[in-house]
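Work out the full structure, taking the sequences as your base and the hints as a guide.
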Amino acid sequence: MASAESSVERASESDLPRQSWWTRTRTSRTAYTYLFPALIVMAIITFYPIVYQFWMSLTDFGPSSINPNVANYKAPNYVGFENYRLILQDKLATVDADLNSFRFWRTLGFNIWWTFSNVIFHVSLGIVIAVMLNVEGLWFKKIYRAIYILPMVLPQLVIATIWRNMFDAKEGAVNLFLKIFLGPAFPEAGIDWLQRVDPVAFGLPLSYFAMLIANIWLGWPFMTIVATGALQSIPKELYEAASIDGATGWNKFWTITLPLLRPAMVPATILGIIQTFNLFHVIYFISGGGPLGQTEILVTQAYKLINGNSLFGIGAAFSVFIFIILGCISAITARISRVAESYDG
Amino acid sequence: MANSSITQSTSRKGLFARGRGAGRQLEWWQQLLLQVFCLVVAVSVLFPIMWIVTLSFKEAGSPRSSRLEIIPSSISLSSYQAVIDQPLSKTAGDISFWKLMGNSFFLAAGVSFFSVMIGVAAAYAFSRLNFVGRKFLFLSIGFILLMPGIATLAPLFAMLAKIRTSLEVLRIIYFVLAGLIVTGLILMTISRIRSDDFRAGSIAVVFGGLAVAGLLLWGGLGIDIPKNAKPFDLGRSLYGVGLAMISGALPFAIWNLKGYLDTIPKELEEAAIIDGASPNQIFFRIILPLATPALAVTAFLGFMAGWTEFALTARFINKAENYTLAIALQTMTGQYTTVSWSNFAAMSIMISLPVSIVYLALQKYIVGGLTLGGVKG
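Protein chains in written order, with my numbering: chain A, 779 to 1123; chain B, 3 to 379.
To be clear, the hints were calculated from the coordinates, so they are not data collected in a lab.
Take the hints with a grain of salt, since some may be wrong.
[Said to hold, decoys possible] Straight-line alpha carbon distances no greater than 20 Å define the calculated SDA-like cross-link-like pairs of lysine to any residue that follow:
no., chain 1, residue 1, chain 2, residue 2
1, A, K920, B, Y367
2, A, K920, B, A44
3, A, K919, B, V47
4, A, K852, B, A163
5, A, K919, B, L362
6, B, K164, A, S842
7, B, K164, A, V819
8, A, K920, B, L364
9, A, K1014, A, F1031
10, A, K919, B, A44
11, A, K920, B, V47
12, A, K919, B, W31
13, B, K164, A, S843
14, A, K852, B, R166
15, B, K137, A, T803
16, B, K164, A, V848
17, A, K919, B, L41
[Stated by the list, open to error] Partial selection, computed: residues in chain B whose CB lies under 7 Å from chain A:
no., residue
18, A123
19, N132
20, P157
21, T335
Just so we're clear, the structure is a prediction, and the values are computed from it rather than from any experiment.
All C-beta atoms in this analysis are idealised placements derived from N, C-alpha and C, irrespective of residue type, glycine included.
In structure tokens form, the structure reads like this:
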């Protein structure tokens, strides 16, 4: 290779002075100078931990494997794919009895269902509200817009703890509200939104529906904002032309509004899917994955393994599963939206 | 129907006018229906907020009400006072409210400043320069962004908890950082003066840099080293949490800023290139000034994430003196807690207010960036 390259270089030298390697790579060198600080930092605290994580997932890394200077230090042992096996076969209770309600496939299934049920509500509500707000001649538009952005403005952690408080079984706001509406039909002891174990519908506990309500409240304003931006860029002439052709409002919505919203809504939906899939705060603070781990999602389960049980090796293996699953999801969504092309930008 | 568009333009003022166009009026029942719809949505949005505001205005330690109140009947600030006096219950630990706030601010500001400063240079390279491995690097950053921070919690904790050093080393690190900043400032000033370009902006940068260096020196001198002190434990300190947070905040900053920089028209730079500007000059003279709103927004979004960061802090921090607002809020949540609900409500509002006000002020830029970020995936 080297000789071939140098002969080419010699040949070209005769007619045109060829630039040296140093000059040719100048832009790359400038670019890497700019990238250098970020790459160094990310290599140490972003990329290296991912590699380290894979090694950890093959060991029995436990709480006493952290600090080599303490008396009860226990060096992590290589155990092969034992951690992965324990997770996939739901045998974590053999390691820690706290984990006997751990079910990997149920958690994964619930996580996917949780994501899609939420995002469907977010997107459809977001579009409907944006369309309503965009009707010309609507009074108090500005006031409504200012109010509707509030769920985005508050920190998610605070929102989650507030909803946790509102779903309280005794004096929570939701129960007090229902009491006014249902009157005597309201159960004496109140509705135990978050702790009621037996499933109420579709095999899901009441806490799922409580979190669905909270997360719909949290999620639709973002979709409304994206949809409003797209709506305002639809030319009015299209609607006028459609009216001349005798289209009803309903026709116009399906044939003009929705197709023209799609380019903006598809990426926003994908963003929503990824965010909802990993929505730690809402699950961890409202239901805590309960009752009996029925509403656990992957992130909260991983967090409990690492923080609550200090099972670092198993937690690392679990995180590797999260990587793989999210990789699949993002590959699917990237294909759908062809986001990959827009990177060239 | 065919000539309706012609008649519309002349008789739009009538109550039953139809069609679209400026100043269109809705029929009364349409207006009524829409108003009812919008009001229902507005009430549902305001319901939790009013509930928590009303709770927070109750007397400190007042019993829970069995009646739904979402409009405060009387305003008392005693719950706020109670939270400021004693944010954590006696059993949870002894720390003042201002210290909690200081810890949260230190984490949030440090993480967002650091990641934006490093991130903007990288974002410039991704947005404007062509280099080997550009697409691969950018896609791997995007992949990292998809991952929740918790997915790398185990290795980060195991790594950082291994790093223990004596406090003297920490002090030396502080001094070295301060020295580097001062050296950089001197070099910048010399080059600016030689190129006769020392202006108000440069003075501001010099003073800002000197202030940071001063703070570092002061912090280094302020480290109290008692005799037979325990070694400094990175994994159990706010610095460790900060490092772990940067591992997620930096890719976010790069990705977000790259999206903004892509929207800056290239014509400006092309003109500058014709005038013989180097990539460095383009970066400092054209891109950075134009990207100021983007920097502010990205820094703010990073700040907001850091301000309420819970998962990493709860894993790393084991001493009450290092607690943050998020941890304190968590100790007040839950059914069996002994903390009064009005205190919890006051705490939630005090955590939210500072960031929410800034969010509303920056709303225009943030919303633009969010939809942009959406387009970029």
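Hint check results:
{"no.": "1", "hint": "K920/A to Y367/B", "verdict": "holds, 18 Å"}
{"no.": "2", "hint": "K920/A to A44/B", "verdict": "holds, 12 Å"}
{"no.": "3", "hint": "K919/A to V47/B", "verdict": "holds, 15 Å"}
{"no.": "4", "hint": "K852/A to A163/B", "verdict": "holds, 15 Å"}
{"no.": "5", "hint": "K919/A to L362/B", "verdict": "holds, 17 Å"}
{"no.": "6", "hint": "K164/B to S842/A", "verdict": "holds, 12 Å"}
{"no.": "7", "hint": "K164/B to V819/A", "verdict": "holds, 18 Å"}
{"no.": "8", "hint": "K920/A to L364/B", "verdict": "holds, 17 Å"}
{"no.": "9", "hint": "K1014/A to F1031/A", "verdict": "holds, 13 Å"}
{"no.": "10", "hint": "K919/A to A44/B", "verdict": "holds, 11 Å"}
{"no.": "11", "hint": "K920/A to V47/B", "verdict": "holds, 15 Å"}
{"no.": "12", "hint": "K919/A to W31/B", "verdict": "holds, 17 Å"}
{"no.": "13", "hint": "K164/B to S843/A", "verdict": "holds, 10 Å"}
{"no.": "14", "hint": "K852/A to R166/B", "verdict": "holds, 18 Å"}
{"no.": "15", "hint": "K137/B to T803/A", "verdict": "holds, 17 Å"}
{"no.": "16", "hint": "K164/B to V848/A", "verdict": "holds, 11 Å"}
{"no.": "17", "hint": "K919/A to L41/B", "verdict": "holds, 11 Å"}
{"no.": "18", "hint": "A123", "verdict": "holds, 4 Å"}
{"no.": "19", "hint": "N132", "verdict": "holds, 6 Å"}
{"no.": "20", "hint": "P157", "verdict": "holds, 4 Å"}
{"no.": "21", "hint": "T335", "verdict": "holds, 5 Å"}
Violation of the numbered hints given earlier is absent; every hint is satisfied by the structure.
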